[in-house]
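Peer 1: Read off the chains here:
There are 2 protein chains.
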Amino acid sequence: MSQLLTRNASHDPSRTSWVESANQPGCDFPIQNLPWGRYRLKTANTNDWHLGVAIGDQILDARAADVIDTDDLNAVMALSPQQRLAIRNQLSEGLQTGSAKQAQWQALLTPQADVEMGLPCRIGDYTDFYTGIHHATAVGKLFRPDQPLMPNYQWVPIGYHGRSSSIGVSGSDFKRPQGQTKAPDAAAPSFGPSKRLDYELELGFFMAQGNAQGEPIAIDDAEDHLFGVVLLNDWSARDIQAWEYQPLGPFLAKNFATTISPWVVTNEALAPFRAPFTRPASDPQPLPYLDSANNKAQGQLAISLEVLLQTAQMHAAGLAPVRLSLGRADQAAYWTAAQLIAHHTVNGCNLQPGDLLGSGTLSGELPTEAGSLLEMTQGGKQPITLPNGEQRTFLQDGDTLILRGWCEAEGAARIGLGQVQATVLPA
Amino acid sequence: MSQLLTRNASHDPSRTSWVESANQPGCDFPIQNLPWGRYRLKTANTNDWHLGVAIGDQILDARAADVIDTDDLNAVMALSPQQRLAIRNQLSEGLQTGSAKQAQWQALLTPQADVEMGLPCRIGDYTDFYTGIHHATAVGKLFRPDQPLMPNYQWVPIGYHGRSSSIGVSGSDFKRPQGQTKAPDAAAPSFGPSKRLDYELELGFFMAQGNAQGEPIAIDDAEDHLFGVVLLNDWSARDIQAWEYQPLGPFLAKNFATTISPWVVTNEALAPFRAPFTRPASDPQPLPYLDSANNKAQGQLAISLEVLLQTAQMHAAGLAPVRLSLGRADQAAYWTAAQLIAHHTVNGCNLQPGDLLGSGTLSGELPTEAGSLLEMTQGGKQPITLPNGEQRTFLQDGDTLILRGWCEAEGAARIGLGQVQATVLPA
Numbered sequence: 001m002s003q004l005l006t007r008n009a010s011h012d013p014s015r016t017s018w019v020e021s022a023n024q025p026g027c028d029f030p031i032q033n034l035p036w037g038r039y040r041l042k043t044a045n046t047n048d049w050h051l052g053v054a055i056g057d058q059i060l061d062a063r064a065a066d067v068i069d070t071d072d073l074n075a076v077m078a079l080s081p082q083q084r085l086a087i088r089n090q091l092s093e094g095l096q097t098g099s100a101k102q103a104q105w106q107a108l109l110t111p112q113a114d115v116e117m118g119l120p121c122r123i124g125d126y127t128d129f130y131t132g133i134h135h136a137t138a139v140g141k142l143f144r145p146d147q148p149l150m151p152n153y154q155w156v157p158i159g160y161h162g163r164s165s166s167i168g169v170s171g172s173d174f175k176r177p178q179g180q181t182k183a184p185d186a187a188a189p190s191f192g193p194s195k196r197l198d199y200e201l202e203l204g205f206f207m208a209q210g211n212a213q214g215e216p217i218a219i220d221d222a223e224d225h226l227f228g229v230v231l232l233n234d235w236s237a238r239d240i241q242a243w244e245y246q247p248l249g250p251f252l253a254k255n256f257a258t259t260i261s262p263w264v265v266t267n268e269a270l271a272p273f274r275a276p277f278t279r280p281a282s283d284p285q286p287l288p289y290l291d292s293a294n295n296k297a298q299g300q301l302a303i304s305l306e307v308l309l310q311t312a313q314m315h316a317a318g319l320a321p322v323r324l325s326l327g328r329a330d331q332a333a334y335w336t337a338a339q340l341i342a343h344h345t346v347n348g349c350n351l352q353p354g355d356l357l358g359s360g361t362l363s364g365e366l367p368t369e370a371g372s373l374l375e376m377t378q379g380g381k382q383p384i385t386l387p388n389g390e391q392r393t394f395l396q397d398g399d400t401l402i403l404r405g406w407c408e409a410e411g412a413a414r415i416g417l418g419q420v421q422a423t424v425l426p427a
Numbered sequence: 001m002s003q004l005l006t007r008n009a010s011h012d013p014s015r016t017s018w019v020e021s022a023n024q025p026g027c028d029f030p031i032q033n034l035p036w037g038r039y040r041l042k043t044a045n046t047n048d049w050h051l052g053v054a055i056g057d058q059i060l061d062a063r064a065a066d067v068i069d070t071d072d073l074n075a076v077m078a079l080s081p082q083q084r085l086a087i088r089n090q091l092s093e094g095l096q097t098g099s100a101k102q103a104q105w106q107a108l109l110t111p112q113a114d115v116e117m118g119l120p121c122r123i124g125d126y127t128d129f130y131t132g133i134h135h136a137t138a139v140g141k142l143f144r145p146d147q148p149l150m151p152n153y154q155w156v157p158i159g160y161h162g163r164s165s166s167i168g169v170s171g172s173d174f175k176r177p178q179g180q181t182k183a184p185d186a187a188a189p190s191f192g193p194s195k196r197l198d199y200e201l202e203l204g205f206f207m208a209q210g211n212a213q214g215e216p217i218a219i220d221d222a223e224d225h226l227f228g229v230v231l232l233n234d235w236s237a238r239d240i241q242a243w244e245y246q247p248l249g250p251f252l253a254k255n256f257a258t259t260i261s262p263w264v265v266t267n268e269a270l271a272p273f274r275a276p277f278t279r280p281a282s283d284p285q286p287l288p289y290l291d292s293a294n295n296k297a298q299g300q301l302a303i304s305l306e307v308l309l310q311t312a313q314m315h316a317a318g319l320a321p322v323r324l325s326l327g328r329a330d331q332a333a334y335w336t337a338a339q340l341i342a343h344h345t346v347n348g349c350n351l352q353p354g355d356l357l358g359s360g361t362l363s364g365e366l367p368t369e370a371g372s373l374l375e376m377t378q379g380g381k382q383p384i385t386l387p388n389g390e391q392r393t394f395l396q397d398g399d400t401l402i403l404r405g406w407c408e409a410e411g412a413a414r415i416g417l418g419q420v421q422a423t424v425l426p427a
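Protein chains in written order, with the UniProt record's numbering: chain A, 1 to 427; chain B, 1 to 427.
These are calculated hints, taken from the structure and not from any lab test.
This structure is a prediction, so every number in the text was calculated from the model and none was measured.
It does not matter which identical chain is meant; a pair holds if it fits inside one copy or across any two.
Calculated cross-link-like contacts (lysine-lysine; reagent style DSSO-like; alpha-carbon spacing at most 30 Å):
hint, residue 1, residue 2
1, 182, 141
2, 296, 182
3, 195, 175
Input sequences plus hints: build the corresponding full structure.
Peer 2: Encoded structure:
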């Protein structure tokens, strides 16, 4: 069992911080969380980026606080698990109520309201997986009612390489993509803005230490290589995808934009939030390189996931975003993050600190837990009606999509992943 | 028509260099070539990398020669086409016979034999296309004899994202990948070293200036965004691919290793080597965003491509590598590099300097022009026999695969792309 997943004093739910806002009920960033992000002052016209740790509604400048000696999160990710644990403990002790550090660190706080967040790190490679079995089944049903799941699905953690350059942080609005699409009955494709633009609710896993080419990461070591987790929206143009994806997979349907939340919640912080792994006994059991007693014991990340939509009309009318779905990652994912890392490297492929792995769309079994409009509207056939009377099959220009995530467990303080939002601009 | 494709004095076949080895017939790097690479002295135990330009059997240190002020090729790639042309002209004038620079630059030469070559630049994202229509047809025939080409093939320049981290430069030997495979008649997959390891003969296109997210590159501007070309071997584990690729495309079958040649031959140097675009009139014509009179006039890159194999047994017996195939890129590719760039960005996806686009396997129509063993052996059914009596369906441990490329044209000096080689190590 990874030492990162052992609870210690930093997880103690009774621990409070001298940063008062961190002690408010419902706060995403109490002292038990301590996620990492990259920020600069909104007023600064420079590239003066800092690495910080969120605490309540503030950010602690981690380099100035002398817990790290870099403004490069990739360098922090490259540290050993022991070093990462030591940094967490140092941060937790320094920020706790009564700490001798208070006088010094108080001066190193910046209100989150005053900063612009950047991507947390350099993302060398981005891989997107397909671990949501209910999503894979629901999408498969639209194409193959008799055999919705491909024969490989329960054996292989299906994944493909995505685009790094177009990953943006929350708030990165983007233009509706244009491209080729072809109606089933059309003789030839046509060109224009996508008419079936969708979101996908995912978690993003940031890699810590990587592996040398040719040296796989064993399943029992994999948790130590996971730095932390963000929310990830894998925007998808369904009509472009349907025409382009044979035989090499999605390309322009996905690579125009991917959006992530700015705060990376560490694997250490998530230690109290694990749920049993729920693969039915009647399913094929994983091959040995994907299986271990530790992996079963460690289980899935238990994270609640919520999707909200605010249309342009709602925004203009001052209406708050409405919930489209609410579900749980551990009830959606068929493979653990450790299994993804073991699988990704088993052929010798090298992962690097800061690489990002997407979970795939995390839909639950119920319609209220669907992680995309494709599922919610049964392939665009059944529009959903919003409280203000508007209807949607797919996203319209001006729609703002918001993902939120948080963790709650018996005997643990609630922590949050914050949120990721972005607005669809006209093509 | 891009200014980069206009011949000038730097292309004059009568121009010679004061570096005598550059004037030898058959030399890959005469003064008309001037490709870029990154190198360090074999004797240097440091990370003291330099950017250089190959001339004959020597390398000119480009920063020391004061033609650039950086050791970072990505920064050179980010320059404007006019600046890149000016640098080429400066190099060509300084290296030509009788140049006043000779005395100064002579001291900045290093023999290629004394250096280790690195990857030429940071590769942010790597995209692999599928432009070889004879390859797509031959591979398609193995799976779908009645309809070898997918309906989208002649409309969409099919591509997918590959893995950046495992791209190595010539000489990067790698272990045979392990992974899941499943025989068609097996009830369950099994795990082990790939038994159907193959190479793929490709060109790699390095990007120059990129585009902002949401701002496509028009087909007529695309040539200006192409920095240069290398040889690329897209190693492929066919058995892993067959089991994993549905529905999201190749993943572990490809991402364990990709190998490129160290010298980037610039788009400017390739100006004399263009061949008419050969899309048959009976084929669908490209949609407007992929079509222009300039694109037709500019045509395809006319590069001769050769594949050679040296087995461990041949190596031990002192036998030279044997030719497996010889063909021409322009007779293999269905889409131009300009079309790939226009397509890649039409949805708003941003390309960056140093991004790499693979052409896909460049097989000609004839069996002697096949760019992979899959085609040469008809899916592994018809072994080929080597001159020393050994047989191959797929690659065996100890096999060294070598790709070579060069350009010849009426009224132009021959230039070469050099070569890329690597050896398959045991799993």
